[in-house]
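Chains as they are written, first to last, in numbering that gives the first Met the number 0: chain F, 0 to 344; chain C, 0 to 344.
Hints should not be assumed to be uniformly reliable.
Heads up, the list lumps identical chains together, so a pair's fine if it works in one copy or across two of them.
As the list claims (entries may be wrong) - DSSO-like mimics (lysine-lysine), calculated; alpha carbons at most 27 Å apart, straight line:
1) Lys274 x Lys59
2) Lys334 x Lys215
3) Lys274 x Lys343
4) Lys116 x Lys75
5) Lys29 x Lys274
6) Lys34 x Lys343
7) Lys38 x Lys104
8) Lys343 x Lys320
None of these hints come from the bench; they were simulated from the model.
Number of protein chains: 2
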Amino acid sequence: MQESNGSQVLTYETAGVSIDAGEEIVRRIKPLVRKTFNKNVLTDIGGFGGLYDARFPEMKHPVLVSSTDGVGTKIKVAIASKRYDTVGQDLVNHCVNDILVCGAKPLFFLDYFATGKLNVDSGTDIISGFVTACQENGCALIGGETAEMPGMYTGDDFDLAGTIVGVVERDDLLSRENVQAGDILIGLPSVGLHTNGFSLARIALVEQISNDERPKSLGGESVVDALLKVHRSYLHPIQNLLTKFSPQDDIHALSHITGGGIVGNTSRVLSDDLKLDIDWTAWTRLPIFDLIQQYGNVPEDDMRRTFNLGIGLIIIASASKAEEIVNALKAMDEKPIIMGSLSKA
Amino acid sequence: MQESNGSQVLTYETAGVSIDAGEEIVRRIKPLVRKTFNKNVLTDIGGFGGLYDARFPEMKHPVLVSSTDGVGTKIKVAIASKRYDTVGQDLVNHCVNDILVCGAKPLFFLDYFATGKLNVDSGTDIISGFVTACQENGCALIGGETAEMPGMYTGDDFDLAGTIVGVVERDDLLSRENVQAGDILIGLPSVGLHTNGFSLARIALVEQISNDERPKSLGGESVVDALLKVHRSYLHPIQNLLTKFSPQDDIHALSHITGGGIVGNTSRVLSDDLKLDIDWTAWTRLPIFDLIQQYGNVPEDDMRRTFNLGIGLIIIASASKAEEIVNALKAMDEKPIIMGSLSKA
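Taking the hints into account, I'd like the entire structure generated from these sequences.
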């Protein structure tokens with residue numbers, strides 16, 4: 000055993016962890032984060048835990064609905080193109096949709112941001128993405144962790160994770176219970192890949208991404224722009240719909256189309272005696288999906304179980320109310336697609 | 000623009016994402032995770048969101064307390080020594096302590112586990128660490144995300160993040176309000192570094208880690224064993240204490256000693272007109288800290304703002320009750336240390 004690993008003095012700073020950079024980011028984001036607070040937030044940034052009032056006086060039987068997620072390798076596209084303010088929005092909206100399909104409205108969100116070397120500017124951009132989407136979804140950014148992990152993330156690499164907690168009245172909980180044969184599948188369009196399938200898309204379009212190409216089929220948009228389009232939150236149209244239609248009688252279930260695609264995700268709300276009858280020609284795929292399939296020679300089956308293919312959320316509606324629901328969505332400037340139905344397996 | 004990036008067929012599997020490995024991990028952990036459930040968990044694994052009953056009938060004014068954290072580069076030591084079942088425990092216990100210092104008891108936890116290439120065995124070990132600690136802390140593992148991110152994490156690298164949500168009666172919330180001059184600092188021992196300072200420790204002890212050395216000062220324990228000791232949860236002694244002493248009159252605040260050390264963390268519960276008077280000789284440092292300081296030539300000031308130095312949690316107690324609190328802790332087989340007091344700044 001040697002007496003010392005070197006004569007140099009080792010400090011936390013020379014070990015690669017800059018407490019100052021972390022503190023500067025907190026200083027910059029503090030006023031932004033505060034914008035997301037409401038009267039139920041009983042805390043301020045800097046305490047050990049985020050505090051949220053849990054009385055819910057207007058509810059009979061409140062149920063908390065929570066979800067954790069990441070952005071997957073969409074982050075690699077963001078890093079490669081140095082666009083840091085969108086991936087935080089992707090993550091919040093993804094989480095909002097994940098609890099929305101239970102009928103829940105978001106209460107608060109906590110983020111995890113890990114990188115090899117903290118950069119104050121890009122770090123602030125990343126966290127401001129969380130703030131933007133939290134504000135849009137009426138959700139408080141109540142806590143988070145910014146971790147500097149030298150040796151784990153290389154170069155400009157970073158990773159994000161997020162957790163959302165929302166609430167729903169137990170009687171209004173959307174589950175698989177009311178889903179039945181004859182139900183109609185109403186799709187709401189996605190804006191692109193949202194946050195799934197990027198490991199495949201990045202390989203298929205590796206040259207188009209690095210050259211920032213603008214293929215004709217994208218109508219002037221670059222491949223990177225199309226890939227980085229922010230994951231849509233379906234909170235507002237669905238909340239609006241739930242004020243007009245019953246979560247038990249009319250809207251039997253919702254499905255958020257993430258990894259696993261339309262079939263993989265929608266099957267999660269079906270009992271074993273039901274099957275999906277999907278009309279894959281009922282909508283026009285976004286051109287970015289055709290581009291991925293063409294350049295990657297991706298089999299149709301892999302396209303279907305990897306991507307949302309242009310449908311971000313599916314409403315499983317009672318047959319008797321499907322038309323009314325479609326009309327209500329159109330009145331909100333949505334473009335609903337009747338894309339199939341359920342039948343006995 | 001070429002017609003295709005290659006004639007090879009590209010699938011999600013060849014792109015580096017194995018849906019089968021993910022499903023196999025879920026199949027293995029499902030019965031383990033279920034062990035953490037209680038009557039308040041209204042969900043089963045596989046839904047979009049985790050459901051938790053939020054009525055709290057025994058409480059007057061419930062407040063949710065939440066926190067997100069990671070394990071930092073302690074993960075790199077775990078990866079290098081291929082010990083996968085402890086870091087999940089570190090993370091849960093860290094989060095439990097973070098909300099415990101507000102007086103909250105844990106309700107549920109959600110994990111994020113990201114890696115470059117999913118390995119079913121190590122992945123199952125990692126998640127089983129969450130299960131072990133959730134059971135020990137009476138906390139339901141209600142959700143999580145396992146993300147395979149080829150190109151982001153190399154080799155066996157992975158990262159973990161976790162979010163805890165707990166609850167506290169508003170009147171029993173521990174805050175800085177009752178903290179005053181004269182209060183006594185009672186430290187509870189840590190078992191080692193817990194989850195902070197690893198970027199520094201790994202550089203200082205790089206050879207000792209790679210040779211898995213057993214220096215005499217560690218009494219037969221290896222350096223890796225000492226570094227990987229699981230972050231202690233202080234839930235049980237503190238909960239016990241809070242049944243005997245008032246959170247307003249006797250126990251004025253708690254401080255979880257993480258990044259920033261004893262001073263950095265305890266200062267968070269002090270108003271500007273108070274200062275810490277710490278007797279740094281009041282306890283014997285664990286030998287692992289001396290080893291880091293010696294091999295890394297780490298200045299004492301950096302030791303103090305990087306490591307817990309053997310104190311994992313500090314109770315800020317009223318002077319009149321400090322002795323009783325110390326005796327109560329001793330009766331629980333704890334080894335409390337009177338390590339200083341507060342005075343006017």
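Quick rundown of the hints versus the structure:
no. : hint            : verdict
1   : Lys274 x Lys59  : neither (35 Å within a copy, 46 Å between copies)
2   : Lys334 x Lys215 : within (24 Å within a copy, 72 Å between copies)
3   : Lys274 x Lys343 : within (6 Å within a copy, 71 Å between copies)
4   : Lys116 x Lys75  : both (16 Å within a copy, 16 Å between copies)
5   : Lys29 x Lys274  : between (49 Å within a copy, 25 Å between copies)
6   : Lys34 x Lys343  : neither (49 Å within a copy, 34 Å between copies)
7   : Lys38 x Lys104  : both (16 Å within a copy, 23 Å between copies)
8   : Lys343 x Lys320 : within (20 Å within a copy, 69 Å between copies)
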